[in-house]
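**Q** Each chain, letter by letter, is given below.
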Amino acid sequence: MISEKLKEIVRHEFDAEGIDLNDDTMATDVPGWDSFSHISIIHRVEKEFGIRFKPLEIISLKNLGDLQAFIERSASK
Amino acid sequence: MIFTSYTYALFLFLVLLIYWGISAKWRKRFLIFASYTFFCSWKWQYGFLLLGLSVFNWAYGRWVIKKNGQRKYLWPGIVVNVSILVIFKYTKFIVQNISFVNVRLGGNPFSIPNILLPLGISFFTFQGVAYLVDVASGERPFIKLTDYLLFKAFWPQLIAGPIIRPREIHDQIENERKWSNENIEYGLKRILSGFFKKVVLADNLAPLVDAVFLKSASPGFIDMAAGVLGFGLQIYFDFSAYSDIAIGSARLFGYRFPENFNWPYLATSPREFWSSWHMTLSRWIRDYLFTPLAVSFRGAKAYMLLAVMISMGVCGLWHGAAWTFVIWGLWHGLLLISGELLFPQKKKRRPSIGYMIKYSGWVFTMVGVFIGWLLFRAESIGAIQRIFKSVSMAPLLKPQLMRENQLILVATIFLFTFFVNLLKKLGWQAKMRSSQFWLEVRPLVMPLIYAVAVAIIIIADTGSKAFVYFQF
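Chains as they are written, first to last, in the working numbering: chain A, 2 to 78; chain B, 0 to 471.
The set of hints was computed from the structure by calculation and includes no laboratory data. The beta carbon of each residue, even a glycine, is placed where N, CA and C say it ideally should be. It cannot be assumed that every hint is accurate.
Quick partial rundown of chain A residues pointing at chain B, CB under 8 Å, derived from the structure [unchecked claim]:
no. : residue
1   : D35
2   : S36
3   : F37
4   : E49
5   : F54
6   : I60
7   : S61
Turn these sequences into a full structure, and let the hints steer you where they fit.
**A** Set out below in structure tokens:
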């Protein structure tokens, strides 16, 4: 399940309230989600959740579900 | 063996016939054999390079990275792939530059090595890097060597992409491909479209463009503008034709490749251009270069811009071992950054202002992209200077090289391309296709269109010219 906090970060990036987000949502499903917004979201997630990504970890993220799982794993460490 | 040749048509027909005629268990091996035949028909010795690098990447992914699960083992694998690319593609460039500096310092010039560039090396080494990075980041590696050899060597994507990611084709290679009439129909249509774009459009634009960029030419402004516009069209038709034939050929054997182009000349921002031009390369640059750099440079916005410039500089250098390509890449880096500043897309606006920004964004992007093609096409920095000098000395609106009919030809092809693209993008073409009238006339009209297209291709064929992207 995607947390409200993560949804809020993504919606804020695209300035779109009604955007439908779930575990399977991929970057290509969201109009305007490109390399710049991707980095912006990653930086925001790092800041909000107090975690740090390594480049390879980002490459392995395929959808929002993966990102959520990564945040949870990092938080429990 | 060039895609748009009778030799290739015969090769494709024979391989297709045998492929679907033999038992399913032999098909993959047969495709590998056919792919190496295709590759070696150009220079057989480099077949060993491809085979060696393929076996290395397969073994490294499976036995070193996956087994150890440690990311530090990734780097040596990347170094091997990149070194092969550097040795074959950039040795001459590096020695030339060192020699240039040495001469400036009062030394003697070095002898410049002349290494023949193996076809497709930029593509298959980049794909090798991507494969190892994907495996290191958790993607499952190919277990069987034959599966990996096919992934790497399958000829439609071997020479000039699309640069396929393992996850896009892994299941397709592991599971038996089934004959389907739809696949054959789709594949043939794409191949025909590719032949038309290359033989009729790109190859006929080429001589007009070449005339402007000749060393002895003295173009005026109109000639240069038409030459640059013509080259932008030529390279688009050339490369998207190659991609059409690649995607179409693969589909005949039951394989689906990712798309490489999505109407790039309608892009309303530089970033939209790069997400619709050579899409499988731009996502490579994004995933394996820009994102890791931007994440490592976290924090200040200035570092993000630096990541853009480095990524686009490398993107330029990937296209060719010359400073003009680096400048072209950096120019696109600047375009991307200024596009972000001038036309931010995310903010909510009134529709009228939104449209205005979109249209001015399109003009900005196209002017930037076509100026970029001048840098891309010029053979050296000296050639760019020569062209500008000649333009500045000639009368502004009087063509020096091109005849009126040639100018009209370039303008017509541009307008035709623009409107066809626009119809597709606005969804009008899809609407027309589902109309009752079209459904009724389609069985009559389509065979006629295909027959006319084939006839035009045969008439327009001026001898197979190599694809522009083969030199990369």
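**Q** None of the hints should be skipped; say for each whether it holds.
**A** Hints versus structure:
About 6 Å separates the beta-carbon of D35 of chain A from the nearest beta-carbon of chain B, less than 8 Å, and the hint is met. Against a cut-off of 8 Å between C-beta atoms, the interface hint on S36 of chain A holds, since the closest Cβ of chain B lies about 4 Å away. The interface hint given for F37 of chain A holds, since its Cβ lies 7 Å from the closest Cβ of chain B, which is under the 8 Å cut-off. Interface hint status for E49 of chain A: violated, as the beta-carbon distance to the closest one in chain B is roughly 14 Å, over 8 Å.
Interface restraint check: F54 of chain A against chain B, minimum CB-CB distance 6 Å, threshold 8 Å, status holds. For I60 of chain A, the shortest C-beta to C-beta distance to chain B is roughly 4 Å, which falls under 8 Å, so the interface hint holds. For the restraint placing S61 of chain A at the interface with chain B, the shortest Cβ-Cβ distance is roughly 4 Å, inside the 8 Å limit, so the hint holds.
The structure fails hint 4 only (numbered hints given earlier).
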